[in-house]
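Participant: Protein chains in written order, with the working numbering: chain A, 172 to 487; chain B, 172 to 487; chain C, 172 to 487; chain D, 172 to 487; chain E, 172 to 487; chain F, 172 to 487.
It should be emphasised that the hints constitute simulated quantities derived from the structure, not laboratory data.
Don't be surprised by glycine CBs; every beta carbon is placed ideally from N, CA and C.
It cannot be assumed that every hint is accurate.
[Claimed, not checked] Here are the simulated EDC-like pairs of lysine to aspartate or glutamate, each with C-alpha atoms no more than 16 Å apart in a straight line:
1. 379/B <-> 430/E
2. 379/B <-> 383/E
3. 379/C <-> 430/F
4. 379/E <-> 308/D
[As the list claims (entries may be wrong)] A few chain A residues that face chain B, going by a derived Cβ cut-off under 8 Å, partial list only:
5. 212
6. 217
7. 239
8. 243
9. 261
10. 262
11. 270
12. 361
13. 363
14. 365
15. 451
16. 452
17. 455
There are 6 protein chains.
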Amino acid sequence: MTDYLESAPRMRLGTFLGVPQATSASAGQIAVIGLPFDCGTHATRIGSRQGPAAFRAMSSEVRPFYPPLADVDPRAGGRVVDLGDVDVVASDLGPSLAAMEAAIHEVVKADAVPLCVGGDGTVTLPVLRALAKRYPELVLIHIDAHTDAYPGEDVNTGTTFTRAAQEGLIDTRRSFHIGARGTMLVAGAYDHTRALGYRLIPGEEVRKRGPEAIAAEVREVVGTRPVHLSFDMDYFDPSAAPGVATPTWGGPPVAEVFDLLHGLKGLDLVGVDINTLSPPHDVQGMSAMLAGHVAVIALHLIQLGQAEHRLNAGHR
Amino acid sequence: MTDYLESAPRMRLGTFLGVPQATSASAGQIAVIGLPFDCGTHATRIGSRQGPAAFRAMSSEVRPFYPPLADVDPRAGGRVVDLGDVDVVASDLGPSLAAMEAAIHEVVKADAVPLCVGGDGTVTLPVLRALAKRYPELVLIHIDAHTDAYPGEDVNTGTTFTRAAQEGLIDTRRSFHIGARGTMLVAGAYDHTRALGYRLIPGEEVRKRGPEAIAAEVREVVGTRPVHLSFDMDYFDPSAAPGVATPTWGGPPVAEVFDLLHGLKGLDLVGVDINTLSPPHDVQGMSAMLAGHVAVIALHLIQLGQAEHRLNAGHR
Amino acid sequence: MTDYLESAPRMRLGTFLGVPQATSASAGQIAVIGLPFDCGTHATRIGSRQGPAAFRAMSSEVRPFYPPLADVDPRAGGRVVDLGDVDVVASDLGPSLAAMEAAIHEVVKADAVPLCVGGDGTVTLPVLRALAKRYPELVLIHIDAHTDAYPGEDVNTGTTFTRAAQEGLIDTRRSFHIGARGTMLVAGAYDHTRALGYRLIPGEEVRKRGPEAIAAEVREVVGTRPVHLSFDMDYFDPSAAPGVATPTWGGPPVAEVFDLLHGLKGLDLVGVDINTLSPPHDVQGMSAMLAGHVAVIALHLIQLGQAEHRLNAGHR
Amino acid sequence: MTDYLESAPRMRLGTFLGVPQATSASAGQIAVIGLPFDCGTHATRIGSRQGPAAFRAMSSEVRPFYPPLADVDPRAGGRVVDLGDVDVVASDLGPSLAAMEAAIHEVVKADAVPLCVGGDGTVTLPVLRALAKRYPELVLIHIDAHTDAYPGEDVNTGTTFTRAAQEGLIDTRRSFHIGARGTMLVAGAYDHTRALGYRLIPGEEVRKRGPEAIAAEVREVVGTRPVHLSFDMDYFDPSAAPGVATPTWGGPPVAEVFDLLHGLKGLDLVGVDINTLSPPHDVQGMSAMLAGHVAVIALHLIQLGQAEHRLNAGHR
Amino acid sequence: MTDYLESAPRMRLGTFLGVPQATSASAGQIAVIGLPFDCGTHATRIGSRQGPAAFRAMSSEVRPFYPPLADVDPRAGGRVVDLGDVDVVASDLGPSLAAMEAAIHEVVKADAVPLCVGGDGTVTLPVLRALAKRYPELVLIHIDAHTDAYPGEDVNTGTTFTRAAQEGLIDTRRSFHIGARGTMLVAGAYDHTRALGYRLIPGEEVRKRGPEAIAAEVREVVGTRPVHLSFDMDYFDPSAAPGVATPTWGGPPVAEVFDLLHGLKGLDLVGVDINTLSPPHDVQGMSAMLAGHVAVIALHLIQLGQAEHRLNAGHR
Amino acid sequence: MTDYLESAPRMRLGTFLGVPQATSASAGQIAVIGLPFDCGTHATRIGSRQGPAAFRAMSSEVRPFYPPLADVDPRAGGRVVDLGDVDVVASDLGPSLAAMEAAIHEVVKADAVPLCVGGDGTVTLPVLRALAKRYPELVLIHIDAHTDAYPGEDVNTGTTFTRAAQEGLIDTRRSFHIGARGTMLVAGAYDHTRALGYRLIPGEEVRKRGPEAIAAEVREVVGTRPVHLSFDMDYFDPSAAPGVATPTWGGPPVAEVFDLLHGLKGLDLVGVDINTLSPPHDVQGMSAMLAGHVAVIALHLIQLGQAEHRLNAGHR
């Protein structure tokens with residue numbers, strides 16, 4: 172405990188994990204960015220615009236070292252910075268998507284990795300648009316209790332990946348939707364997702380085969396391609412993460428969610444978003460704290476991937 | 172207690188105060204209508220789309236007889252019906268405003284009185300549009316910790332009454348904003364409200380002169396004109412009503428809010444809306460229950476006004 | 172999403188899943204009925220009288236299509252109606268039991284299936300009394316952390332199935348108590364249950380054999396007999412469902428509870444009750460929402476059973 | 172702080188204010204007694220059976236010295252003991268009323284003063300029955316947002332003082348109901364209370380005349396007669412005490428409630444009950460803590476009355 | 172609204188009111204500083220170490236313009252900065268007091284004004300120690316439900332102002348304790364406070380004379396001397412601010428607390444602390460939001476005082 | 172149910188499970204003792220000083236009979252007493268440790284078994300010091316998401332077992348730390364624990380091998396030696412026990428925690444502590460209730476061990 176305390180800044184502020192605040196990121200850095208937009212939410216439980224603030228606040232309860240992946244501090248050497256929140260306009264979809272895309276693109280152009288915190292599931296679309304400009308072979312791993320690839324012409328939380336497929340932002344044949352489960356508003360949700368070219372692994376299949384097997388399949392298909400990981404907090408069971416827009420009962424135990432994420436070790440993560448954290452529906456900030464744990468895992472995964480793919484050479 | 176229980180329907184459902192569900196209202200009736208729209212909220216605490224549901228649910232804790240105004244049951248003779256919620260589209264302002272206006276207009280055309288429950292402060296605009304078609308001399312009484320008459324070209328919770336004035340929906344010189352107080356996002360908020368022609372009585376003035384004096388002034392100015400009462404739940408102090416979008420400290424004790432409302436007795440209320448109830452930010456449903464109490468007062472005020480103005484003849 | 176929204180009524184009210192309100196049900200329909208009685212609760216945490224209201228309110232977060240059983244809308248064709256709550260008298264057991272039995276019997280007589288929501292565990296008794304008149308071969312599947320078959324002459328939440336056995340309402344030798352676990356107020360609780368003729372499968376056995384094996388045994392024993400499913404919300408672990416009268420730690424993960432229920436597919440369910448939801452002890456309405464998920468499963472199970480047993484002919 | 176800590180027992184348990192646990196009380200002592208019965212509650216929010224436990228637990232946040240009345244420790248000399256809870260039977264009114272009456276009567280017989288904590292408003296009836304045997308001239312001061320003197324033959328929270336009047340337990344012409352306000356379930360509630368002989372001072376009158384004037388009137392009418400003070404926690408505004416069965420908006424500020432109670436100084440209090448604390452509907456235990464403050468005031472009022480009436484001689 | 176949004180930084184972080192983060196302050200600036208120390212709390216409800224974080228987080232709900240004092244933005248011209256939290260050591264009083272004093276002294280030396288947020292009531296001691304070095308004529312205005320000037324040799328929340336008097340940090344004869352009320356742990360608390368030379372105005376006196384009269388007396392006595400304002404959040408009634416260490420019922424309405432503070436306009440405030448905000452005991456962050464409102468008032472009071480005393484010349 | 176109710180005392184107070192209050196314990200008895208000290212907590216979420224009170228209060232929801240271990244009442248024959256809380260001094264580590272050690276030692280000397288409830292993780296140190304005087308061969312089983320055996324010279328929650336090892340209180344080579352997992356503040360935490368001689372079984376290993384296998388290994392190593400069981404509530408996943416100081420995601424399902432504890436059957440438990448229950452961070456008292464369940468398991472384990480080791484003779 173001593174070491175950390177001694178090396179800590181004498182005065183602290185509310186960035187994620189106390190990392191330095193910055194206005195831009197440089198090559199190799201990980202840039203935490205808040206995307207406080209939730210007006211793509213047509214469901215009852217809107218409120219994820221408060222997600223980034225809660226995420227940062229509860230990161231006081233999360234620690235940086237993580238033996239299951241790496242017993243090191245991912246913040247070492249100033250490798251993580253916090254860029255604050257993108258200034259979106261509530262209810263005004265167009266300008267908000269543009270502002271988010273522009274902010275992420277600045278990060279991506281600098282060869283830094285954006286670690287985005289939503290906001291609802293629409294925020295993933297501008298992230299993918301920004302990444303796609305830089306990584307033409309981009310692959311998606313989407314972990315969520317819903318596929319968010321429903322039919323429809325709108326941009327909302329249910330059509331993010333319909334749009335992404337139609338805009339050609341990602342290689343859908345090598346992209347995964349993992350964990351769909353539960354009750355649905357429409358019939359044929361899974362079929363439409365597959366019709367767009369995606370690989371769909373429902374939650375039930377994850378339970379049967381186990382998270383390690385799923386992760387192995389993902390690694391096999393994805394290979395060395397650049398990957399964006401989109402993690403919807405409602406993949407957790409509501410007993411663990413009540414503070415989401417669409418709680419969906421029957422999710423895996425938290426430890427198995429971590430197993431699945433651990434299994435992505437070695438992939439070349441060029442972007443991550445954690446979305447749908449809805450603080451007004453949370454209980455004692457626990458879902459926000461859990462999102463922080465996911466973010467620590469992401470920090471380690473990104474850095475382990477960077478180590479691997481730097482050695483494997485300049486494939487980009 | 173006996174009487175009420177005996178006359179109650181054997182099976183009950185979740186309408187406001189257990190009144191009958193209906194699809195339309197007839198002359199003289201009061202029609203409860205939910206307006207679950209909140210995407211005019213640019214502030215942090217969005218969520219009033221859940222307002223109508225919470226309002227109906229907590230009405231189980233509110234009773235109909237009200238000695239301070241009338242020791243009678245306002246539901247008697249089927250005079251109150253519940254029309255359910257208007258089917259708005261989240262984040263899509265135009266169609267939502269149109270749908271709300273159309274639904275309210277049906278009620279107004281039938282000479283029934285809409286008792287609307289928001290939703291955020293934008294929902295008052297379609298209500299006024301609907302009423303203005305029927306009542307050219309319409310007057311507004313707006314009770315709120317904010318004037319919602321800020322500069323700007325947008326339709327959002329801050330510009331409802333800027334729009335209403337510019338569209339000529341109401342007689343601004345006889346219309347009141349009562350209760351503005353607290354911290355503000357911009358300078359000159361009060362001046363702009365007055366520049367639109369409105370009468371502004373800040374909360375501080377209410378405290379000094381007392382609610383009875385304020386109500387007397389209002390009655391004097393309004394006279395026999397048709398009135399819409401728009402009540403924002405944040406007029407209450409946050410100690411009483413935490414479940415609102417913009418809690419504003421320093422409000423009056425609840426009993427004095429009731430005094431102010433009681434003082435409107437005799438006015439010809441042709442419309443009422445209660446807005447900005449934000450259930451995800453509420454505590455134990457208490458703000459929703461308080462909104463129900465305001466609605467019971469409104470039921471009595473409307474009926475007392477109807478009794479008076481029916482005797483006073485067909486001024487419409 | 173489009174389809175559902177388009178076909179939805181323009182105005183909505185607080186019935187379960189938005190189904191039509193009705194005053195009676197016809198053959199083949201499923202009738203949702205609230206039984207807001209909790210004065211059989213001798214334990215500390217009384218409050219399940221608020222269960223039906225919370226259940227309906229939180230059904231806004233549950234969807235109708237359910238791929239694990241059937242990717243169809245069980246409400247299609249008006250097959251589900253909501254009859255509201257039976258008008259019980261708090262603390263007056265006799266008249267309340269009678270009122271509940273009469274209301275359920277009307278439904279049963281019409282060859283509709285009651286889907287009852289409590290209320291505490293005593294509400295199952297009048298449901299069984301009503302069903303027994305119509306189905307002499309009635310079998311019970313009781314899923315609960317307690318057997319509620321304790322010794323005693325009283326009618327309370329602990330003696331419901333002692334009474335049911337002694338009154339001969341069900342075929343105890345083919346009836347199951349599944350899931351008893353945890354700490355107990357008295358010794359010999361399991362022995363007494365078995366002495367009444369019931370089959371008892373403690374929670375520990377469910378964990379060891381797995382829910383699929385248990386369900387297979389149940390299907391084997393029950394066969395084509397008419398079944399009442401009584402589901403106590405405290406079967407869930409308190410981490411998932413804190414809002415119950417007697418939280419009992421050590422329950423199965425939610426997904427395994429669903430597995431168990433899925434395994435009842437094909438049985439001829441002629442009645443269902445979901446009880447012991449105690450909203451004042453709930454957290455953010457999550458237990459109520461979970462009860463809604465159980466109800467959606469029940470809707471599908473009932474309809475799948477109807478399809479099967481209609482084909483198999485008029486065995487009643 | 173030192174003094175108290177030094178004189179405190181080395182080990183502490185959960186009695187009210189840490190007073191000694193006892194099984195009986197002796198002359199002049201004040202006996203704290205829990206009455207965990209709430210099945211006289213016909214309203215939605217049952218749960219005051221948990222009141223005594225919460226009351227004791229939150230007394231850790233209340234202190235004994237009270238400058239507005241007496242800057243002394245009322246516990247000094249072992250003058251306060253805690254007898255624990257009476258063992259009532261949930262839902263079984265008759266035996267429960269008998270058990271409560273018997274337990275209180277033991278205390279009263281010993282010339283000790285019962286300080287009872289409910290439980291719902293029915294618990295006042297057995298307290299009055301026990302006191303009436305000892306004090307034929309008993310007078311009631313009932314402070315409550317409701318008169319609980321409604322018509323009806325039942326024993327429930329709404330008829331306690333109808334029963335008390337009809338059984339002749341108190342001198343109704345010198346007994347007060349102070350503070351009725353708000354919405355009502357039936358018409359004529361005030362008239363019926365007065366028809367029973369009671370003095371009724373509605374909350375509105377308290378607001379206009381002020382608590383000091385009301386207290387003066389009470390002292391004038393009551394004189395040296397033995398008094399039972401029944402305090403319903405819903406007399407507080409729900410902003411202060413949400414944890415009650417029937418929250419009733421428009422109550423006085425807490426400081427004015429204290430003023431009213433302080434004004435009872437000098438009366439000969441022979442019994443006190445504080446009822447209707449409903450912990451499952453409370454927020455952070457604040458209503459329970461407030462009940463503890465009322466109890467400290469009661470301790471001082473009782474002892475100040477004892478001092479006065481001991482000097483004034485053996486009027487009993 | 173437009174102006175503010177346009178001038179806002181494109182990306183935001185969690186400082187108080189979004190002001191710039193800084194590591195030091197310059198002359199005339201106001202420096203927000205968190206003092207997350209709470210181990211001077213001997214009472215049950217420890218937790219104010221989480222105060223600064225909650226204070227900053229909830230400042231998203233507070234606005235800068237404040238018509239009752241000044242319709243200007245106090246942040247204009249970079250006049251407010253946020254220095255983050257002092258790095259204290261939990262449970263180690265000595266080093267923590269030293270670290271806080273050193274950090275504040277740096278600010279004071281630079282002729283900036285510290286606006287400190289606790290932490291419990293012990294944090295005021297190091298603030299006074301730092302200020303006393305710079306302002307030999309320092310006067311204290313302490314607004315609190317307790318005097319915190321109890322006997323004892325310890326440094327804890329109850330002896331802060333005993334220590335301050337004995338160390339000669341302030342001119343006690345011109346220093347005020349305003350608002351003591353409620354139940355107490357020891358006898359003679361008020362006498363000891365006065366024996367130290369302080370002026371004591373109990374809460375009861377504030378209620379009778381009114382906040383304006385009290386403020387006038389304070390201004391009269393204090394004159395042009397440099398003032399430290401220490402504001403304990405428990406001065407608010409617990410109905411408004413439950414999230415404190417020692418909730419004390421019977422406080423003034425929030426509007427009257429603001430009146431008292433407004434009355435300090437014109438004083439030369441050289442330091443402010445807001446303490447005893449205990450987030451784990453708060454409800455929906457409302458107490459933290461209220462602390463933010465007090466801080467906005469303080470920002471305006473400081474700047475109005477600076478304007479006045481700069482004109483009145485270089486008395487320092 | 173009848174039996175228990177009939178044999179219950181007529182009046183009850185807030186001891187654990189309603190056992191008798193006592194001031195000392197005799198041979199063979201189990202003595203419940205509260206250790207309300209939390210100033211060894213350097214993390215954000217202090218508050219476990221409120222643990223013992225919440226633990227006792229929520230024991231109303233836990234029952235004594237426990238079929239998985241023994242279908243008997245462990246309270247029978249007065250074998251369990253509640254000694255209340257040790258009177259510690261907040262923030263003053265030295266005297267508090269001494270007071271706790273002295274109180275426990277009295278119990279141990281009398282050949283009773285202390286069942287201690289914290290308080291934070293520092294309270295285990297005085298318990299071990301007291302036990303070590305009586306049991307030179309003492310062995311520790313520490314079940315916790317952290318090893319609390321970090322480097323450092325301080326006494327705080329992170330160094331309890333570093334101190335215990337260095338003071339030679341326990342046989343570290345036969346002592347276990349079970350369940351460490353999650354994110355960490357420093358590197359090398361596991362190595363340091365092992366360097367002190369302890370056996371470390373990380374949570375991941377428990378998941379892989381299963382709780383039965385782990386328990387078997389423990390029994391094998393420990394044999395007939397006297398054992399202290401220290402159970403940190405954060406071993407549970409935060410979805411089950413949010414009310415702890417350092418919630419650590421990824422814990423086992425509650426049922427598997429019970430399996431692990433059941434596996435300790437037969438060991439000679441001479442002391443137990445349950446620590447780190449932090450009520451202000453709890454949700455609806457559920458973590459406190461879960462601690463009560465652990466305590467019931469402990470009561471049975473202790474008595475089963477006593478039965479076994481009394482038969483096996485006087486090895487002490």
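Participant: Are residue 379/B and residue 430/E close enough, with their CA atoms no more than 16 Å apart?
Facilitator: holds, 12 Å
Participant: May I ask you to test the interface hint for residue 270/A with respect to chain B, counting a Cβ-Cβ separation under 8 Å as satisfied?
Facilitator: violated, 14 Å
Participant: Quick check on residue 455/A please, does its C-beta sit within 8 Å of some C-beta on chain B?
Facilitator: violated, 14 Å
Participant: Please work out if residue 379/B and residue 383/E have their alpha carbons no farther apart than 16 Å.
Facilitator: holds, 13 Å
Participant: May I ask you to test the interface hint for residue 212/A with respect to chain B, counting a Cβ-Cβ separation under 8 Å as satisfied?
Facilitator: Hint holds; residue 212/A Cβ to chain B Cβ min 7 Å, cut 8 Å.
Participant: With a cut-off of 8 Å, does the beta carbon of residue 365/A approach a beta carbon of chain B closely enough for the hint to hold?
Facilitator: violated, 27 Å
Participant: Given residue 243/A as an interface hint, is its Cβ closer than 8 Å to any Cβ of chain B?
Facilitator: With a closest approach of 36 Å, the residue 243/A hint is violated.
Participant: Close enough to count: is the Cβ of residue 451/A nearer than 8 Å to one in chain B?
Facilitator: Given a least distance of 4 Å, the restraint on residue 451/A holds.
Participant: For the hint on residue 261/A, just tell me whether its beta-carbon gets within less than 8 Å of chain B.
Facilitator: holds, 4 Å
Participant: Does the nearest C-beta of chain B fall within a distance shorter than 8 Å of the C-beta of residue 262/A?
Facilitator: holds, 4 Å
Participant: Taking the closest Cβ pair, is residue 363/A under 8 Å from chain B?
Facilitator: violated, 21 Å
Participant: Within a Cα-Cα threshold of 16 Å, do residue 379/C and residue 430/F meet the stated pairing?
Facilitator: holds, 12 Å
Of the numbered hints listed earlier, those contradicted by the structure are 4, 7, 8, 11, 12, 13, 14, 17.
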